[in-house]
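Visitor: So the chains spell out like this:
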Amino acid sequence: MSAPRTSSSTVLPPVPPRAPIVAPAAPEAAVRRPPRRRPIRARLGPYLLLVPALIPIAVGLGYPLVRQFVLSFQEYGLAQQFGQPAEWVGLRNYAELLSDPYVWGVIARSIAFCLVNAALTMAVGIALAVLMTRVGRAARITLQVGLLLAWGTPVLATMTVWQWLFDSQYGVINWLLAEPLGAEGMRQHSWIIEPASFYFVATVIVVWMSVPFVVFTVYAGLLQVPEECMEAAQLDGANAWQRLRYLSLPMVKPVLLVVGLLQVIWDLRVFTQIYVLQRAGAPTRETHLLGTFIYSLSKEFSLAGAMATIMLVITLALTVFYIRRMLRDDV
Amino acid sequence: MTRVRTSGLAAVGVGLMVALAACGGGSETEAGGDEELRLWLAGTDTPQELRDYLVETFEAQNEGAQLVIEEQDWSGLVPRLQTALASEQQTPDLVEIGNTQSPTFTHAGAFTDITDMVDGLGGDQLLEGFVEAGTVDGDVYAVPYYSGARAVFYRKDLFEAAGVEVPKTLEEFGEAAVALQQANPTGAPNFSGLWLPGQDWYNGIAWIYSNGGSLAEQDGDEWVGALSSPESQEGLAQVQELFANATSAPKDADSAEPWVPFNNGEAAMFSAPTWARWSIDLPECNKGVATDDESEEAKALLAEQQACNEEKTGIFPLPGPAAGEPATVFAGGSNIAIPAKSGNQDLARNLLEIIFSEEYQTMLAENGLIPGNSEYADALGDDVYAEAALDAALNAKLTPPAEKWADVEGARILEDFFQEIASGADLEEASARADQLITDTLN
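Chains as they are written, first to last, in this note's numbering: chain A, 433 to 763; chain B, 4 to 446.
Don't take every hint at face value.
Distance condition first, Cα-Cα at most 27 Å in a straight line; then the derived DSS-like pairs of lysine-lysine [claimed, not checked]:
#1 B:Lys-400 <-> A:Lys-731
#2 B:Lys-290 <-> B:Lys-302
#3 A:Lys-731 <-> B:Lys-171
#4 B:Lys-159 <-> B:Lys-171
No lab work stands behind these hints, which were simulated from the structure alone.
Bear in mind that the values here come from a model prediction, so they are computed numbers and not experimental data.
Based on the sequences and whatever the hints tell you, model everything.
Guide: So this is what it looks like as structure tokens:
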């Protein structure tokens, strides 16, 4: 349990996009200042203020990460948990995992699932954000409230409702298809028993839960696009689509990059939705993604640690392009 | 602005201090309280009356010692034990654990060897498969706490309408289920002769066991999946026949709440532990009492409702291949053991003796649980439920006592396997695949 959570949350620190700008800017300002030495207390002040943030990060993220890393090179199962010495096995755990075609299947599925979900979420989110800038106040508030509710509902409560909707015996979706729409064959249809159909349901749920965040962030970004630019473009004869494509979107690109990055990270480490759907009766082995697969290894702590480290590397590989681009654009 | 910041920092500081104080306080009481014994019970199966008895008796017999009973949820019990049992500060002193989960911990060295106590606790009278699940190389680490076997509930009126008699053999049972399904006396669109969801391996393995098959066999030091053996295949073929012609239950459901379709008139039979009788609630018997109504009137109505439900419902143990013999069903239940890291070994042994006393074992039986010491099972009573429970339990069998069996359950191999069978997969191929997975997991 702790292994997947650790690895995925350790990915988070690179996220705050603004931090790198502040850091280089500060020394520059200091250089230009007249060389009057400030009292030591004043110079230490900022670092002291960092301490409360650094301690929880070191304890909450650093320790599990180091432990996970160390475990991944050992033989560490239940017996070791109860006091038997842990044996160092070098790269055996990694070799065992990476030589198993099933593991590669899980990795491929996870990456595909992550990219499809992140892309869909971004597309729907941007579309809704643009819609919000165009509609009247009443419609906008209705949309906002709806999105907030979708965003604010606890994930397990949401999952219960979705599970009921797609339930094969008493689900509303099957009833709708069978009764008003007359598709009699769908009355007992199981939505999660085939992996493809399972991922379809999971995608609907994950996208539904992630869209509000994208909408609000992108909407806030779009509000910052200066009215004058849009007006000038309109006078120059740009139509609505061109104004969006060549003006608004490039202006909010930094926002889109950050939100997109977050989506990729979140969708790669998706756990709760998949786990709950599996428990609802899906074939477990055929529907594992990285998160649930690591959890299923959790009795062999060392294997789970190795898999979590592999997942960390995949996350970094998927996001390094984003992060580099973001840094370059900011500088 | 400045003021806000300062108070924010102060709040963080206070929070940290509180957190530190809380940690310190916790370990202090545990370190200093060696006269406090902690018993972990799993789930709500042990009634309050029995818990009170344990506390009173233990404290009366052990001057100055205190018994604290902490209830743990069944779901997530294994990971919780993995961490708690490994720590001297956190470990309970006596712990209840699912019978199929115990091999994982006995092999890991998590429990104290109590072989010397077994004779005093009941010896050969202790439930056999349960003791086996708690034994490693002849040493006993965990003993049976209670068992509950599965029996078949049926609607008498639907049997009558379909012209079906209570079956005497396993074969007749299959025929009855198919006949009920075809007759569909209630006219429900998804009627099931027997409610058998696709992932319900707890019930499904009864056919494997009854035909003499098993899930895995020990071969020297290795465990090997045994679903492909001729005996298992015979049982599985019967299960597949039931899936195809005797049930409309979803293939993506498990054994949870089988009484819901039964109550809805969508199933004529279901198989469950005998305490499922309290969940049967047929519409024609329902008196519409609000769940929070605690008046005398409401209680009387509820009693009437229960009597009506039990009047319309029958129960029988799943019959075996030969008439007059019950089938070999899956034995649910739990074991109890002393964690090796507990600092109160002697007190824990005293409590274990109280649990296996005649008085406590009788109390377990009176509450509908088959007690760990079968000598006292008579106290279950002689109503149809007790009889069905006992008959079923006599022949019941556990999952293989392999060290890593819990991993097989954790990986949900059998759920996936039975789902495949329910979906009409080729028996031999599906069994070979599942055998391979079981073998890989167990070794």
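Visitor: Does each hint fit the structure? Answer for all of them.
Guide: Against the structure, the hints:
no. : hint                    : result
1   : B:Lys-400 <-> A:Lys-731 : holds (26 Å)
2   : B:Lys-290 <-> B:Lys-302 : holds (11 Å)
3   : A:Lys-731 <-> B:Lys-171 : violated (44 Å)
4   : B:Lys-159 <-> B:Lys-171 : holds (16 Å)
The structure is inconsistent with hint 3 alone, although it conforms to all the rest.
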